[in-house]
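Number of protein chains: 2
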Amino acid sequence: MDCWVDGQPADALSLKDRGLAYGDGLFETVAVRDGQPLLLDRHLARLAEGCSRLAIAADPERIRHELSSYALAMGEGVLKLILTRGDGQRGYAPDTTAPGRRILQASPAPSYPAAHAEQGIRLFPCSTRLSHQPLLAGLKHLNRLEQVIARSEWQDGEHAEGLMLDQAGRVIEGVFSNLFLVRDGVLVTADLKRCGVAGVMRAELLAQARGLGIPTQVTDIGLEQLQWADEVFVCNSVYGVWPVRACAALSWPVGPLTRKLQTIARALLDA
Amino acid sequence: MDCWVDGQPADALSLKDRGLAYGDGLFETVAVRDGQPLLLDRHLARLAEGCSRLAIAADPERIRHELSSYALAMGEGVLKLILTRGDGQRGYAPDTTAPGRRILQASPAPSYPAAHAEQGIRLFPCSTRLSHQPLLAGLKHLNRLEQVIARSEWQDGEHAEGLMLDQAGRVIEGVFSNLFLVRDGVLVTADLKRCGVAGVMRAELLAQARGLGIPTQVTDIGLEQLQWADEVFVCNSVYGVWPVRACAALSWPVGPLTRKLQTIARALLDA
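Line by line, the protein sequences are chains R and X. The working numbering puts the first residue of the first sequence at 602, with every later residue one more than the last. The working numbering puts the first residue of the second sequence at 602, with every later residue one more than the last.
It cannot be assumed that every hint is accurate.
No copy is singled out in the list; a pair is fine if it fits within one copy or between any two copies.
When the alpha-carbon atoms are kept at most 27 Å apart in a straight line, the in silico DSSO-like pairs for lysine-lysine are as follows [said to hold, decoys possible]:
1. LYS681 to LYS794
2. LYS617 to LYS861
3. LYS794 to LYS617
4. LYS617 to LYS681
5. LYS617 to LYS741
In short, the hints are calculated from the structure, not lab data.
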């Protein structure tokens with residue numbers, strides 16, 4: 602399917618776009634089933650938070666409408682929205698009244714091995730550390746060189762994801778996933794106030810767990826907590842939940858809370 | 602003048618470019634006089650360092666040739682080279698054999714007030730702190746949201762540049778300049794091993810100072826060292842050297858070493 606730029610079919614971008622020049626923008630990767638963009642409210646909420654913090658004056662209703670129309674035309678697959686600040690002149694100073702440029706791209710749903718979800722995965726222990734930048738933490742912005750470098754650390758098919766720590770050695774997330782652990786019945790995930798991407802599936806699973814009365818904790822996680830975890834899993838809004846069986850010398854069983862949340866995620870994504 | 606993409610006139614970019622998707626690339630901003638790209642060897646050396654560290658397999662001789670041809674066609678102004686990893690599929694994993702996509706853009710030389718160079722400037726004390734990422738430190742890569750946010754902190758014409766500290770409070774650089782101070786005859790600039798852009802004019806002035814027997818020091822700089830400095834100036838490869846007269850409550854005279862290096866920079870840029 603054609604890309605759309607600001608609502609119109611297009612195959613190219615202005616060379617003056619600040620998304621290219623500075624990574625001055627945000628993105629969302631949305632699963633689409635039966636013409637519906639899934640978890641749309643959560644994607645739009647994160648985008649709105651990003652627009653607010655980066656001072657991009659995008660129109661949320663227009664974006665919602667456009668995503669819905671594009672998803673309907675796609676039918677199935679993955680919809681990527683890139684929202685840049687639009688064209689700029691020379692220099693970093695942003696126009697904070699610019700409404701942003703909307704780029705929509707469709708791709709087929711990725712075909713991951715079924716074993717990832719069924720038997721669980723092995724995480725590659727990335728040596729690339731996430732830097733601390735509270736002004737950008739949590740956002741899905743276009744400055745992604747840390748993820749590019751981390752993802753280049755392994756090429757083998759043995760590792761389906763990588764584990765990323767921050768500069769202080771805290772456990773933060775996967776390269777394209779968030780990470781949860783379970784310890785004594787408590788569902789734990791990293792506090793993303795310094796770095797990391799606050800994933801839509803992470804937010805959804807936290808909310809669902811709370812709704813089920815499962816205790817949750819969003820906190821700093823040290824490597825020792827990973828060692829003592831009863832269960833570990835990763836998640837995102839495209840593949841749902843993958844149990845984590847191992848990372849370097851550490852290993853975990855696939856546990857019941859992982860399976861419960863995996864079933865919930867699957868139901869959300871098969872909607 | 603038209604932009605060039607991979608050596609051909611073009612006005613648009615592929616929507617699959619990884620420069621847009623992830624800021625996966627580098628740039629150089631080169632002053633052009635009489636058809637010559639100035640400080641070209643230093644620009645190309647920094648670009649080569651970036652290609653090596655990001656694993657972009659660009660051809661340095663081709664880039665040199667293209668920059669020279671484009672500068673000749675421009676005559677005067679500022680040439681911006683953006684080198685991205687080129688098109689990508691979905692996902693962060695980079696093709697480390699990709700030769701990169703070369704984007705060349707021309708703009709007129711910026712017309713800064715003559716007073717910036719003559720009487721000196723006032724720095725805005727940015728509250729945006731630079732994050733620590735040794736894997737990217739020194740490079741002029743396309744992940745520039747920190748500079749975008751910092752540059753949005755002031756709109757008045759009283760401040761020609763901003764002062765940026767790192768997350769630990771060390772004095773690093775300007776938003777689009779490097780910073781030097783002079784203390785007891787020693788020329789001091791920040792060590793950029795954790796963050797910052799290793800500017801071409803910074804490298805040139807350090808080399809010129811050493812050639813003149815002026816002692817130089819590349820080190821961590823605390824705010825207290827800025828308070829005790831005899832002279833402070835900022836530099837880049839487009840405007841040369843601007844003396845710094847003040848930053849918040851701090852003020853400095855415009856000193857003799859600043860003037861000496863400013864004269865050297867001016868000679869390089871008026872070549």
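Here is how each hint holds up against the structure:
no.	hint	verdict
1	LYS681 to LYS794	within (25 Å within a copy, 35 Å between copies)
2	LYS617 to LYS861	neither (47 Å within a copy, 37 Å between copies)
3	LYS794 to LYS617	neither (32 Å within a copy, 31 Å between copies)
4	LYS617 to LYS681	both (21 Å within a copy, 11 Å between copies)
5	LYS617 to LYS741	both (22 Å within a copy, 18 Å between copies)
This entry does not satisfy hints 2, 3, going by the numbered hints stated previously.
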